[in-house]
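Chains as they are written, first to last, in the working numbering: chain A, 1 to 295; chain B, 1001 to 1295.
No wet-lab data here; the hints were simulated from the structure.
One or more of the hints may lead you astray.
Unchecked claim - With the Cβ distance kept under 10 Å, some of the chain B side facing chain A (calculated, not the full set):
| no. | residue |
| --- | --- |
| 1 | THR1032 |
| 2 | VAL1041 |
| 3 | TYR1090 |
| 4 | TYR1149 |
| 5 | VAL1186 |
| 6 | GLY1187 |
| 7 | MET1258 |
| 8 | ALA1267 |
| 9 | ALA1269 |
Bear in mind the structure is a predicted one, so any value in this text is a computation, not a measurement.
Virtual Cβ for every residue (Gly too), placed ideally from N, Cα, C.
Spelled out from the first residue to the last, the chains are:
There are 2 protein chains.
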Amino acid sequence: MATGTEDVTGYIIAPDPQAARLTRAVEGVDQTGAPARIAVVEERPLTIFLNGHEIVTAMTIGDYPEYLALGFLRNQGMLREDETIIAVDYDEEIETVVVRTASQTTYEEKLKKKTRTSGCAVGTVFGDMMEGLAGVTLPAGEVRTSWLYALAHRINRTPSLYLRAGAIHGTVLCRRDRPLVYMEDVGRHNAVDKIAGWMLSERVSGADKILYTTGRLTSEMVIKTALMGIPVLASRSGFTAWGVEIARQVGLTLIGRMRGQRFICLAGAERLVWDADPDLVPPESPRHRRKGAGG
Amino acid sequence: MATGTEDVTGYIIAPDPQAARLTRAVEGVDQTGAPARIAVVEERPLTIFLNGHEIVTAMTIGDYPEYLALGFLRNQGMLREDETIIAVDYDEEIETVVVRTASQTTYEEKLKKKTRTSGCAVGTVFGDMMEGLAGVTLPAGEVRTSWLYALAHRINRTPSLYLRAGAIHGTVLCRRDRPLVYMEDVGRHNAVDKIAGWMLSERVSGADKILYTTGRLTSEMVIKTALMGIPVLASRSGFTAWGVEIARQVGLTLIGRMRGQRFICLAGAERLVWDADPDLVPPESPRHRRKGAGG
Chain A
1 MATGTEDVTG YIIAPDPQAA RLTRAVEGVD QTGAPARIAV VEERPLTIFL NGHEIVTAMT
61 IGDYPEYLAL GFLRNQGMLR EDETIIAVDY DEEIETVVVR TASQTTYEEK LKKKTRTSGC
121 AVGTVFGDMM EGLAGVTLPA GEVRTSWLYA LAHRINRTPS LYLRAGAIHG TVLCRRDRPL
181 VYMEDVGRHN AVDKIAGWML SERVSGADKI LYTTGRLTSE MVIKTALMGI PVLASRSGFT
241 AWGVEIARQV GLTLIGRMRG QRFICLAGAE RLVWDADPDL VPPESPRHRR KGAGG
Chain B
1001 MATGTEDVTG YIIAPDPQAA RLTRAVEGVD QTGAPARIAV VEERPLTIFL NGHEIVTAMT
1061 IGDYPEYLAL GFLRNQGMLR EDETIIAVDY DEEIETVVVR TASQTTYEEK LKKKTRTSGC
1121 AVGTVFGDMM EGLAGVTLPA GEVRTSWLYA LAHRINRTPS LYLRAGAIHG TVLCRRDRPL
1181 VYMEDVGRHN AVDKIAGWML SERVSGADKI LYTTGRLTSE MVIKTALMGI PVLASRSGFT
1241 AWGVEIARQV GLTLIGRMRG QRFICLAGAE RLVWDADPDL VPPESPRHRR KGAGG
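Could you build the full structure based on these sequences and the hints that come with them?
Written out as structure tokens, the structure is:
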């Protein structure tokens, strides 16, 4: 295509950069004082309820609110994997999602824990997330380097809100060399939570998946990936020491600084199969290179 | 200097990329399967107490814990500007900071509000932050484009944890063309909170300052800057629509996408004085260009 972006027919869910609700044209001035008009991403509150309880207000671009709510609650350990969800009601006008379950959830227990922390855009109950890891066993399996290169190339060229308006994070659920579900959000953890919500809704297993993200490989990102049962997490960005430590503890393959032919693997390298010659990987084009998405 | 970085004598506080406690060497493999050893940033919990109350556990690199605690509480509206702080006690071993005030704080009130949200690494009481804005009036004044170019050039070339290990956000308090206090953290909001804590401790006014950040110009970033009394916020990264809206409401000058000679101003352009010829601004060198710090 003339625009240098690929078709998205391989995706189950791809970004919709033309969706009117997700960006807004804003007028300003540029460095010469001339009028400038650019597209900027929306950022709006979404309050998540679990049965009768108000849980959190997340700042989000606003797409897939039901998946965001489900995935957030699941990744916080507030919904067990076997919980029967009877309804997920989104009300656009009052910016709320209510998740209803058949029986009481573990939420009341969680409330007792005071320690909480967060990544981008939503608070988290960190102690619980770490606890949840105790039961996680990530499956063995191979990750071919040719898949990693194919995924990065394809994802970077997929039309996205990032390419249109910037200031947004992307996370992509992949299988082998194929990107399946590509979510974006102003909060990086919202993008991963939306994927978790989709997986929960569609009863999709993480066992044969690879998670690709534009954000950093922090402890929270590694924990969420492991809780989703996904054995491989890859990113354009760098690592934190604790992220690496947790990945090693749970046996997750952690790949960072993926740019052009280069990457570094700091945990779970036993899954890697070097079937691609890095010298044959084309460098990233400036048009698709991410320039400080920021956080 | 041969390394292409500048001396940091102009700073009151500059990053300390060689500090042993802030990064760790980690071994892994690279894209060819060869052993690789890289420096990665630390990420550790810090639990903040206000008098007898446990408030939050933030994930931080761990420098300036006292400033982080003070700035976090101040930016959350839990400490009034005139509050008498009698002690700030940091205990490295148990990773806590306790801030003690002479009288009861507004915290009990805040607890009643359930709505909360967060940016990177710490939860926030959003409703309160918005409320706090009602009393904010940002002073008029000029921002010369020559200052913006000088700041970006200088900050990008300052030795930093980012240049050493990546995966970290930076925020810099500046006056005219001079960077004064350069904080970095794994959570972007921690970096800005550490600056707020320093300003509170040193009784420094925001009125004649410019805040420069590597992160995105979200609603939370704009609100914090306004609460600190700083009339100008500039970033390498992009905007969210709500960030722009709030900046316009409070009369804050909001400049984004600052790279090389380019930038866009989407709010408060009346403060700008175009005294530099953009064509004379050198492009960013690849060594100092930020490559997707991520969030």
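Inset, instruction - Would you check whether VAL1186(B) satisfies its interface hint, that is, whether its CB is within less than 10 Å of any CB in chain A? - result: It holds, given that the least Cβ distance between VAL1186(B) and chain A is near 6 Å, below 10 Å.
Legend entry - Interface hint for MET1258(B), Cβ within 10 Å of any Cβ on chain A: holds (9 Å)
Legend entry - Per-residue hint verdict: VAL1041(B), partner chain A, C-beta under 10 Å: Status holds, d = 5 Å.
Inset, instruction - With a cut-off of 10 Å on the beta carbons, see whether TYR1149(B) makes it to chain A. - result: With a minimum Cβ separation of about 9 Å from chain A (threshold 10 Å), the hint on TYR1149(B) holds.
Inset, instruction - Under 10 Å, Cβ to Cβ, is where ALA1267(B) needs to be relative to chain A, so tell me if that hint holds or is violated. - result: Holds - the Cβ of ALA1267(B) comes within 10 Å of chain A, reaching about 7 Å at its closest.
Legend entry - Per-residue hint verdict: THR1032(B), partner chain A, C-beta under 10 Å: At 6 Å from the nearest chain A Cβ, THR1032(B) passes the 10 Å test, so the hint holds.
Legend entry - Cut-off 10 Å, beta-carbon criterion: hint that ALA1269(B) touches chain A: holds (5 Å)
Legend entry - chain A contact restraint on GLY1187(B) - CB to CB distance below 10 Å: holds (8 Å)
Inset, instruction - Using Cβ atoms only, decide whether TYR1090(B) comes closer than 10 Å to chain A, and label the hint accordingly. - result: Violated: closest Cβ of chain A sits about 18 Å from TYR1090(B), beyond 10 Å.
Taken one by one, the earlier hints fail for this structure only at number 3.
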